[in-house]
Structure formats: C-alpha cells, structure tokens
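Model the placement of chain P on the given structure of chain X, informed by the hints.
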Amino acid sequence: MPLRLIIIFVVIIFLQVFFFNAISLFDMAYAFVYVMVLLLLPLDWNFKILITVAFLIGLLLDFTNLKLGIHAFTSTLIVTIRSWWIDIITPQINPVEKPNFKPYTQSLSWIVSYFTPLVFLYALIYHILSDLHFSLNTFWKFFMTGFYSDILILIIFALFIRTSDKR
Amino acid sequence: MQRLIELFLKYNNFLYFIFLQWIALYFIFNFNDFHKEVYGSYRIAVAGFFQEKNRAIRSYFLLVQENEKLLQENIQLKQQLIYTQQALNAARFRIPYSRNFNLLPDSLFPVSVFSFVPARLVQNSIHEPFNFFILNKGKQDGIEKEMGVISSDGVVGITIESSENYSIGISLLNKHFRLSTKIKSTNVHGTIHWRGHNPKIVNMEYIPLHIPVQIGDTVITSSYSNYFPEGYHIGKIIDVKDPKDGQGFHEILVLLSTDFFKLENVYIVKNKHQSELKKLNQIINQLK
Numbered sequence: 006m007p008l009r010l011i012i013i014f015v016v017i018i019f020l021q022v023f024f025f026n027a028i029s030l031f032d033m034a035y036a037f038v039y040v041m042v043l044l045l046l047p048l049d050w051n052f053k054i055l056i057t058v059a060f061l062i063g064l065l066l067d068f069t070n071l072k073l074g075i076h077a078f079t080s081t082l083i084v085t086i087r088s089w090w091i092d093i094i095t096p097q098i099n100p101v102e103k104p105n106f107k108p109y110t111q112s113l114s115w116i117v118s119y120f121t122p123l124v125f126l127y128a129l130i131y132h133i134l135s136d137l138h139f140s141l142n143t144f145w146k147f148f149m150t151g152f153y154s155d156i157l158i159l160i161i162f163a164l165f166i167r168t169s170d171k172r
Numbered sequence: 027m028q029r030l031i032e033l034f035l036k037y038n039n040f041l042y043f044i045f046l047q048w049i050a051l052y053f054i055f056n057f058n059d060f061h062k063e064v065y066g067s068y069r070i071a072v073a074g075f076f077q078e079k080n081r082a083i084r085s086y087f088l089l090v091q092e093n094e095k096l097l098q099e100n101i102q103l104k105q106q107l108i109y110t111q112q113a114l115n116a117a118r119f120r121i122p123y124s125r126n127f128n129l130l131p132d133s134l135f136p137v138s139v140f141s142f143v144p145a146r147l148v149q150n151s152i153h154e155p156f157n158f159f160i161l162n163k164g165k166q167d168g169i170e171k172e173m174g175v176i177s178s179d180g181v182v183g184i185t186i187e188s189s190e191n192y193s194i195g196i197s198l199l200n201k202h203f204r205l206s207t208k209i210k211s212t213n214v215h216g217t218i219h220w221r222g223h224n225p226k227i228v229n230m231e232y233i234p235l236h237i238p239v240q241i242g243d244t245v246i247t248s249s250y251s252n253y254f255p256e257g258y259h260i261g262k263i264i265d266v267k268d269p270k271d272g273q274g275f276h277e278i279l280v281l282l283s284t285d286f287f288k289l290e291n292v293y294i295v296k297n298k299h300q301s302e303l304k305k306l307n308q309i310i311n312q313l314k
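Top to bottom, those sequences are chains X and P.
All residue numbers for the first sequence refer to our numbering, where the first residue is 6 and numbers rise by one.
All residue numbers for the second sequence refer to our numbering, where the first residue is 27 and numbers rise by one.
It should be emphasised that the hints constitute simulated quantities derived from the structure, not laboratory data.
Hints may be right or wrong, so weigh each one.
Unchecked claim - Here are the simulated DSS-like pairs of lysine-lysine, each with C-alpha atoms no more than 27 Å apart in a straight line: (1) P:K36 - X:K72; (2) P:K226 - P:K288; (3) P:K79 - P:K36; (4) X:K103 - P:K36; (5) P:K226 - P:K296; (6) P:K104 - P:K226; (7) P:K36 - X:K53; (8) X:K107 - X:K53; (9) X:K53 - X:K72.
The following block holds chain X by itself, in its conformation from the complex (with noise of 0.2 Å):
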C-alpha cells in the first residue's frame, strides 16, 4: 500500500473524531467517511489482521463516541462481508490475482456499487446495535446516515483519492 494512501487513511480517521463525528444532520444523519478506509484497505492481508485493524480502528472511534463496541462490530463485519461483495460485482476476477487487486485503481461507477451497499449495510448495523429494535426513526436514521456517508465518501474519494492515484 503507497505511503501516501496510509497517510490519508490516517488523516480521514483523524478527522473522523475530531469533526465528522461532530457534523452530524438534525442528529439522525452521521457522517461515517471512515468506513471508506476499512473499504479500501489492501485484499492482500492475511485475514486474521484484517480484522483486527478493522477491529481496533472501530474501537477508537466508539472510545470517542462513547457507544463502545458498536463501531468495532460494525467495522469486524463489514470488512469481512466486503471480499464476497467484490467477487459478487466483479465476477470476472481471477482468485489467484484477486490479492493484489486494488479497489482505489477501479472506475468511479464501479467504486459506486462498491461503496454504497456495504455503506448503507454499515448505517443499518450500526443504528440497529444503537437502538436494539427497528423502528420508522431507525429506518430514516439509517437510510439518511448510509445516504450522507456515502455521499462524502465517494466526493473525498474524487477528491484526494482517484486523483491522486492517477498521478
């Protein structure tokens, strides 16, 4: 992974707590652009760290939210779901290649069906482990939460991401 992903990758989860986490809609619509990370981070990783990081970096973000353990769940799951997800949307790959494929390399609108499912499937886990139950307010907290998330997500990725990879 290039140094100047793992610096960005940094840098989003630091803003993460520090002011995604604060700009929050009405209080029912959260910005998660961190979950981009665990997306992105390299298919070439033996599993068991994988989740770990995915683990650990959740861990951080519910230390800061003070909702412990439900972004460490989220982030172990989501990150073990997303390697099915890309053999579901990119049939065509090899398994053998598959490690040393790079999501962050692909085309804008194959980063759109990548992200938004799995962002939107995160905004549901999370507001059903917040609330234990599934009501209307969750279904809007989730449905508003997933949509203002992947929005930031795929214009940070335009943004700094895609771009920067070309060069």
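Here is chain P on its own, set in the frame of chain X:
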C-alpha cells in the same frame, strides 16, 4: 481430539472473527447504560420464560403425586363433612331448643360409620341397558362386594364382586339398579331407577301425587341406604309429569350430577356397620 484440533485449524479465521465480534458485543452490553439495561430486562424475560416452562414440565411429571394428594385431601374433607352433618342433625334432633350447639357435649355426636378409598375406573360402559364398571382396587385394599361408589359430583354405583386387585361395580346406569333416595327440600323418600334411555337422566319413583314436587329440587341419598352416607348428591329434578298409567305416583325426571361420560376418579364407600346391618336385614327377610 486430533479431529477437534484439525477443525480448529481449518476454521481458525472464522473462529477469530467470532472471537472479535464476541469482544465487541461484550463491550456493547457491558459498558453502555442503555444496552446494559435492555440486556438486563431481556435476560430476566428469557430466564422467566425458561423457568416457567421448566416449572410446567416439572409439574406435569408431578401430576400423579399431586392427584393422589388431592384425592386423600378430598377423602378427609368428605369424612369431615359427613361427620359434621350427622353431628348437626343429631344435635337438632336431641336438643331442639338449644341455641348454641358449641356448648353441647361430644357424647351427643355420633361417630361417622363411613370411610372412603380412592379408586380409578379402568373400564366403564354407559351405552348398554345393563352397564357395569371395573375399579382398580380389590380385596388387597379392603374392597368387598356391596360397597357404594361415588364421584366428587355424585353417586356412581355399587360394587358387586371383587378380586385381589380389581372390583366390578353395577352402574347407576343399569336397569337393575335401584337406590333409596329423598328430595332434599321435603325429605320425601323415593327410589332412583334408570330406564335405559338417556345416560344423563334417571327416574325418581314412588313419590305420591299429593306431595308437591318442584322442578330444580335436589335429590340426595337417604338414610335408608346402607351403601352411601345420607345427603350425598344424586341430581336435580328437571321435569315432573302426571302418571300415564293412572298410578298414584309422580313421573319425575332427575338430571344426574355425575357425568358418566367423563368419569375417571371415584371413591369407594366403606360402611363399618355393613355386616351388622346385613344380619338384621336377614332377620327381617326371615320374618317375612
């Protein structure tokens, strides 16, 4: 053990994933007040649900013992009731002007001659003109022929033969069965007889036409019967008609209080003075 280790190695990634999720869930339900509270209430509800089911299963297995215990309690209560009724009658009869029965000496009260043995019907017919039943108690339990059989609702029949472990009884629903009874409100004596039609209804015979009979009156066992304690329920009068054949007795229909369709647990009535009464009856028969 080897296989277990192989399985563990094969699924170690998945097990590690489960381990991390378990830690996360542990944090969620132990360090967040809201989640802790919800988890606590669910835990109580779930524990309550399982304890309730557990209790239901345990009580199901204890039903036989419970049933036996209730039968014994019933017997004690029946004996107490009969004793109290007899004592009250005796006191009223002997000292009609006494206002305070509690002050009467014990010697005035008779000792109950009836005792009860719980039994279960192992066979019972109701659709024949001559119905009989078999009980699961016999000579080993002190059961002999000519003992009354009652249920908690009313009279059932009389034993006619007994083996070591079982007894046969003639049912009240038998055209040969006749029992001395009386109407509770008027104390007029008559005889109960089933004519082989409806297993819920019997006829009360030999009540003279000049005696007023009301629908709804209760029919009980009389003191003339040696098999049953006096005053035990038989049924309620549901119809009173004029005789068709011009005889001087009412045609009375009695709805039985015993439901022979559901009959299962019964009590066999032992009369301590039965043999004594039998001998006296033999003397009467010789005199005839």
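Evaluation of the provided hints:
1. With a CA separation close to 34 Å, the supplied pair P:K36 and X:K72 exceeds the 27 Å bound.
2. For the hint linking P:K226 to P:K288, the alpha-carbon distance of about 12 Å falls within 27 Å, and the restraint holds.
3. Simply put, P:K79 and P:K36 have alpha-carbon atoms about 39 Å apart, too far for the 27 Å limit, and the pair is violated.
4. Our distance criterion of 27 Å between C-alpha atoms is met by X:K103 and P:K36, whose separation comes to about 21 Å.
5. The hinted pair formed by P:K226 and P:K296 meets the criterion: a straight-line CA distance of about 26 Å does not exceed 27 Å.
6. The hinted pair formed by P:K104 and P:K226 meets the criterion: a straight-line CA distance of about 24 Å does not exceed 27 Å.
7. Under the criterion of a C-alpha separation no larger than 27 Å, the hint pairing P:K36 with X:K53 is consistent with the structure, at around 14 Å.
8. Distance restraint check for X:K107 and X:K53: the Cα-Cα separation of roughly 19 Å lies within the 27 Å cut-off, and the hinted pair is therefore satisfied.
9. Straight-line distance between C-alpha atoms of X:K53 and X:K72 comes to about 24 Å, which keeps the hinted pair within the 27 Å bound.
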